[in-house]
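Novice: Chains as they are written, first to last, in this note's numbering: chain A, 1 to 284; chain B, 285 to 590.
Quick caveat, the hints were computed from the structure, so don't treat them as lab data. Predicted model only: the values in this text are computed from it and were never measured. Fair warning: there could be bad hints in the mix.
To be verified - Here are the simulated lysine to aspartate or glutamate pairs, EDC-like style, with alpha carbons at most 16 angstroms apart:
{"no.": "1", "chain 1": "A", "residue 1": "Lys-148", "chain 2": "B", "residue 2": "Asp-554"}
{"no.": "2", "chain 1": "A", "residue 1": "Lys-90", "chain 2": "B", "residue 2": "Asp-554"}
{"no.": "3", "chain 1": "A", "residue 1": "Lys-113", "chain 2": "A", "residue 2": "Glu-211"}
{"no.": "4", "chain 1": "A", "residue 1": "Lys-256", "chain 2": "A", "residue 2": "Asp-114"}
{"no.": "5", "chain 1": "A", "residue 1": "Lys-90", "chain 2": "A", "residue 2": "Glu-72"}
{"no.": "6", "chain 1": "A", "residue 1": "Lys-148", "chain 2": "B", "residue 2": "Glu-534"}
{"no.": "7", "chain 1": "A", "residue 1": "Lys-125", "chain 2": "A", "residue 2": "Glu-221"}
{"no.": "8", "chain 1": "A", "residue 1": "Lys-148", "chain 2": "A", "residue 2": "Asp-114"}
{"no.": "9", "chain 1": "A", "residue 1": "Lys-148", "chain 2": "A", "residue 2": "Asp-173"}
What the hints assert, rightly or not - Facing chain B, a subset of chain A residues (Cβ under 10 angstroms, in silico):
{"no.": "10", "residue": "Pro-27"}
{"no.": "11", "residue": "Arg-29"}
{"no.": "12", "residue": "Gly-65"}
{"no.": "13", "residue": "Gly-71"}
{"no.": "14", "residue": "Gly-143"}
{"no.": "15", "residue": "Pro-145"}
{"no.": "16", "residue": "Arg-158"}
{"no.": "17", "residue": "Pro-181"}
{"no.": "18", "residue": "Gly-185"}
{"no.": "19", "residue": "Lys-192"}
{"no.": "20", "residue": "Arg-233"}
{"no.": "21", "residue": "Phe-261"}
{"no.": "22", "residue": "Ser-264"}
Even glycine gets a Cβ: it sits at the ideal position worked out from N, Cα and C.
Here's the letter readout for the chains.
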Amino acid sequence: MRNQVWIAGLAWVLGSCGETTHSAFAPLRINGSTTVNLVVAEAAEVVREKAGIEILVDTQGGSSGGIAQVGEGRAEIGMSSKPLSDRDRKRFPEVDFVETTIGQDAVALVVSKDVWDGGVRSIAKREMLAIYEGRITYWSEVGGPNTKIAFFNKEPGRGTWEVFATWLYGDADRAAAVSFPEVGGNEETRNKVAGTQGALSQLSASWIDGETVFALSLEEEGELRVPSAEEIRRGLYPMSRPLVLLTDGPPEGFEKTFVDFVLSPRGQAIVEKHGYLSLTDLNK
Amino acid sequence: MNQTARTHSDRWSFTRLVCATFTGLTVGSVVLMALLFAAQSVPVWRHAGPEYIVGGDWFYRQELFGAASMIYGTVVVAAIAVAIATPLGLGAAIGTAELLPARARLWVKGAIELLAGIPSVVYGLLGVLFLRGWVDDALRSAGYEPIGGDTLFTAGLLLAVMVLPTIVTLADDALRAVPGSQRAAARGLGMTRAETVLSVCVPQAGRGIFAAVLLALGRALGETIAVFLVVGRQDGQWPAHLLSFERLFEPGQTLSSKLGGAETNIAYGDPLHWGAMVGLGLLLFCLVTFASFVSGWLQKRGGQVA
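Given the sequences, and given the hints that come with them, work out the whole structure.
Specialist: Below, the structure is given as structure tokens:
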């Protein structure tokens, strides 16, 4: 811990000594969402080899971490699994954020096997709201088994949480101040939901396997919405979201090389491989 | 001896200059760090005032910053660790210092000290792999309905294993520092071996043992990654009564697990939020410094007695 704080302190000292400029020989630093990372990490492998660029990919702080690091000039490309909000832009008024959408994903509400087998297959928005605000605490209150709801909240600020909170409250800033055990990246969320009785959490739809974690349908105005490719593409599933690469100004140099690769047919094939919708899927 | 050294070093020799510089750098970096933390956390003290320490709610979007539940988590997790590790460690130290022959003692002590060399993330993974499931099962069979096995207690249990070598090694050293003549005198008075250990050696080494426990406490307070993996990371877990146990078997948050999470990155760039995070670092720094200071002081006093 102390090491991390030290590094943060040192970074601050160095940062205030003068603006660090990014030379052509420095590595391309990419940081942000674990959701987008699946695609970017694989694309980076290819670009490293083909173009001989050194690329560092990290997932510190999820989408908000990516936005902040691009805003602070500590990363060249940010990965975000939510559209940029006015709040984000206001935080870094001097930065000209340019969003390049590389695909589409959705946030699913996932449950563990015991809940799924206990008969919970869908959830209404008002039910989710009541669970989030602590008014419903047992699955039996929403037609399930008599187990306690073990809700794992995505860390507020992560892309998944922002999309979820925007769906529930219209604006993530209006979300209630609640207290739940928190989970970070997608792997952690999936493993905790799979390994806990009565678990419920928000998770990228591409991680649903139907064996350890199961996606609930969302009930809105009497219609059931499932996070399937078809419903996401047609914009019917309420919690769909773009996968975004962020740059300060339009991509240039190595940034452009990388972004162009992800947009190319080969890059888009990687997007599809990880269970997301590619841009061609979206325009069908 | 001391005086000759003094007269020689009255002149500014090269060696003296270099050593003074390094000493200054070392001391200066600690002071600089404390000052840096204090300066960076000014916005949150201005914003929240004393609420920052006594307030139990932390929700950065509402600009609510209260670290009380994290301080509570940190102290409770470390206390559980020390409460479990102290009897175990003291027992092991008595075993190595008083019962084992010299050669076996070195082997056993070496093996225990190996525990200290294992990276904390490995402990964390073991915690995820075994402890989480065990605690979950234990709580369920005790009639609780836990949200998984990530609790303050789980983190304390894991930390107990991690601080054990500190207690064993230092308590062993303290016991070995009790002069052999004392043992011989006790045995000569007809005391049994157990009586000798319990009423002569342990009381004489008491301060040293207490210092060992406090040093272990210092380590437990600052440990991050292992705790992060099994503590559950739930904010606002302030107990109904300070001495009630209900929060121990629920997920919680410590100062270090909060700092190890995503919020540090999210906070970067927002002076108030960043100040709040750095303030947590400052609080942790104060807690650990206090524990090490008391421990060092007692060790010195203990040495004088023995």
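Novice: Checking each numbered hint in turn, tell me which of them this model violates, lowest number first.
Specialist: 1, 4, 9, 10, 11, 14, 15, 20, 21 and 22
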